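Put chain S on the given structure of chain P with help from the hints.
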Amino acid sequence: MSDIKATGAAEAHQEPEAAPDLVEISSSDIVSSLGGRAPTEGQLATAARGLGLTAAEVTALAAGRSNLRMTNAQYGELKTKLAKQYGQGLDGKTDAKGSLCGSSGTPAPPAAKQVPAVTTESNTRKIVVAGTKVHEGTVDGGTITLRTGAQEDVDAHPDNFTISYKGTDAPNEHLLQFIHREIIGIHDDGSAHPVNDSLSTSGTRGGSYKLTLGGTATANGTPVLENYNTDSANGSDPFYEAGGASNRTADSTTMIDMPSAMKPKVDAAFAAGAKSVVSRAHFDTYLVHTDAVTYHVQVSVEWSFPSSTTVDPRPTMKSEGGGAATQLPDLIRQKFHAQYPAFNFIK
Amino acid sequence: MADSGRVTFDGRPLRDAEILRIDGVTPTALVRSDANGRYELGDMPGDRVVLRVRTPFIGVWIAAGKAADWQITRAELVPIRIDFRMPEGLTFDWLDVKLTPRRDEVPPRVILATGVTPGLAEGMYAVRINEPHLELVVRPGLYDLRAHRIIADVPKGQDPKNLKTDTIVTDGPTAIPKFGGFEVELGPVRKIAVSLRLMTREEM
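Quick note, the sequences are listed as chains P and S, same order.
When we follow this note's numbering, the leftmost residue of the first sequence carries the number 1, and every step to the right adds one.
When we follow this note's numbering, the leftmost residue of the second sequence carries the number 1, and every step to the right adds one.
Extracted from the complex, chain P is given alone in its bound form:
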C-alpha cells in the first residue's frame, strides 16, 4: 500500500500516520508548480496513480475534494511525471505516432507496463438509436455510460448495448470486458439442467471457455475460473476495442456489443428433454486507465425460449450495477493474466 494519502475525500480513508516530512499538496499547487499549465484530470490521475493512489483517491483529488500528503521527494516525482507528459504531448490530440492499442488491431506490446495511449481516431460505426441509459458514473475526469437497446445502421438489430467513456483523457482509457454464459433447460418436472459444455472463441488465448453451471430458471449460476473469458477477438490485445465494434474519438471510446443466444446449445438443451430454455450472457466490463482498473460496469443479457419453436427471441438487457473499482476480482484476474500474460501489470 502506498504511503501517499489523499485527505478530505468523501470516501472513507484512514488518516496517514504522522510523519514529519509530509507536505500537503492540492491540485492547484500542482498547477502552480507547472508554471500555470493545468494538467487534465486524466493526466493528473495517471501521475497520481503511478505514485500509488487508489482510483477513489484520484477522483477525490481531481474533483478538489481532497489534497495529497506526500514527501517532498514524491512531490518532485509527481511534478516530473506531469512535466514529462507535457513534453511528450500526451494530451492525446496531436501525437499521431503514439503506440496504438484497442482500436487498431495492431497494438504495440506494453513494454512500459502500461497500455499505450490510443491517439488515432476510429469513428466509423454509426449508432442510429442511442438506446436507454441504464447506468452512468463519473471516473477519471469523465463519464462512463451504459446504454441498452442501441442500434447501428448496419442492421436492424435493436438489441445492442454500448459502453462509452467520455472525458479529457480518453486516449488513455480502454475497455476490458469479460464474459461468462449459462444455458439452462427446464424440464417437465420443473428441474433445471444447465448445459455442461464449452464454447470456442475467436481469440487465440485459451480458445474456449466452459458454460457456467448451477443456474435455474430464475437464478444465475456461480461462475468459476474456467467459465470466464476475456471478451476480445484479438489474441494479443485484450481490449474490446481491439477487435470488437467500437468508436474512438479524441475525447471518447465506445464499445458496441450485440451478443447472441447461442441457439445451437439452446437446441441441445431441448434435445436433452427441456420444455423451455433460458440462455444468459454476463458481462463484466472494466475501464482501464493507462495501467489500472478504475471502473466496473456489469451487464446481463437473457434470452427466454418458452418452447423449442421459439426463433430469435429478443433479449432482456439490464445493468447489474457499476462503480469505481481499483482491481479485477480474483477469478477474472487469474483468467485474464493466463490469457494475456503481457498485461499482468493490470491487477
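What the hints contain is simulated information worked out from the structure, not anything from laboratory work.
Be aware that one or more of the hints could be misleading.
To be verified - Using 25 Å as the maximum straight-line C-alpha spacing, the simulated SDA-like pairs for lysine to any residue come out as follows:
1) K156/S / S198/P
2) K161/S / G207/P
3) K126/P / P160/S
4) K156/S / P313/P
5) K210/P / L142/S
6) K161/S / S198/P
7) K275/P / L142/S
8) K275/P / G24/S
9) K126/P / D43/S
Said to hold, decoys possible - From the structure, some residues in chain P lie toward chain S, with a derived Cβ separation under 10 Å:
10) V154
11) D155
12) A192
13) L213
14) N229
15) Y240
16) G244
17) P264
18) P306
19) S308
20) V311
As the structure is a computational prediction, the values presented were derived from the model and not from experiment.
No residue lacks a Cβ here, since even glycine has one placed at the ideal position from N, Cα and C.
Relative to chain P, chain S alone:
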C-alpha cells in the same frame, strides 16, 4: 457389502466405462471402471444402472436393480462412417460432432448427465474432427447426431463462418431433423453423408 460389477469387451476388461446409478431419472452415483473392468457404486439409492461407453465403441446399456456384469461382444456392434460436405467455396478445418444414443428405458437427461449435480452434455460422445469424415463403432439403435462449427462471441461485422448440419443422406432409413440435430437409426444405417451450411447471425 459393496455393490460392484465388471465390464468386459470380447472377454477383456473394459477400462474407463462410465456407470451411473439412477433413482427414477436422477443420477445418484457416477463411477468409472478400472483397469480390470471393475467398478463399485457405493450405497446411494437407485433403481437402475446405466453403462455408458464412449471408447473403443459407443453405446449405452441399462440394467434394472443393482450393479451388473456386462459382457459386450464385437458381434453386437456395427461400424459406421460419416462424411461431411462443406458449403461451396469453403475448406474444411474442424467440426464438432456429437452422437447420443436414444433409449426408450431412460430419458436423454440420464444419458447426458455429466454427474450427480445438475448438468447435461450436448452429446454423450463428442469429438472435434479435423478431417471431413468420421468412422465409429456403435451399438445399433436410435441416435441423435449433431454437427457444428461454431466460434462464439464474434464481434459484429465479422463472419466466423459458423456451420450447422443442413441435410443428411443415409444408406438406410431417413434421418429425421429434431431440435437442431438429426435422429438416425444406426445399424440399419451404416453410411451417412452430412451436408453443412453457413449459419446466419439470427441462428446463433
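Against the structure, the hints come out as follows:
Restraint check for K156/S and S198/P: satisfied, since their Cα atoms lie roughly 21 Å apart, inside the 25 Å limit. At roughly 16 Å between alpha-carbon atoms, K161/S and G207/P fall within 25 Å of each other, so this suggested pair holds. Using a Cα cut-off of 25 Å, the hinted pair K126/P and P160/S holds, with the two alpha carbons roughly 22 Å apart. With a C-alpha separation of about 18 Å, the suggested pairing of K156/S with P313/P holds against the 25 Å cut-off.
About 28 Å separates the Cα atoms of K210/P and L142/S, which puts this hinted pair outside 25 Å; it is violated. Taking the CA atoms of K161/S and S198/P, the gap is about 18 Å. The hint holds against a cut of 25 Å. Only pairs whose Cα atoms come within 25 Å are accepted, and K275/P paired with L142/S is accepted, the gap being roughly 21 Å. Restraint check: the Cα-Cα separation between K275/P and G24/S comes to about 19 Å, which is no more than 25 Å; the hinted pair holds.
For a cut-off of 25 Å, the pair hint linking K126/P to D43/S is broken: about 63 Å separates their Cα positions. Given hint, V154/P at the interface with chain S, holds; its Cβ is 7 Å from that chain's nearest Cβ, closer than 10 Å. Hint on D155/P holds. Least Cβ distance to chain S is approximately 8 Å, under the 10 Å limit. Interface restraint check for A192/P: the shortest CB-CB distance to chain S comes to about 6 Å, inside 10 Å, so the restraint holds.
Taking 10 Å as the C-beta cut-off, the interface hint given for L213/P holds, the closest approach to chain S being about 5 Å. Taking 10 Å as the C-beta cut-off, the interface hint given for N229/P holds, the closest approach to chain S being about 7 Å. At a threshold of 10 Å, the smallest CB-CB gap from Y240/P to chain S is about 8 Å, leaving the interface hint in force. For G244/P, the interface hint holds, since its Cβ comes within 10 Å of a Cβ in chain S; the closest pair sits about 4 Å apart.
Against a cut-off of 10 Å between C-beta atoms, the interface hint on P264/P holds, since the closest Cβ of chain S lies about 5 Å away. Violation of the interface hint for P306/P is found here, the shortest Cβ-Cβ separation to chain S being roughly 15 Å, above the 10 Å cut-off. Below 10 Å, beta-carbon pairs count as interface contacts, and S308/P has one with chain S at about 6 Å; its hint therefore holds. Hint status for V311/P: holds, given a least beta-carbon distance of 8 Å to chain S, under 10 Å.
When held up to the earlier numbered hints, the structure conflicts with 5, 9, 18 and fits the remainder.
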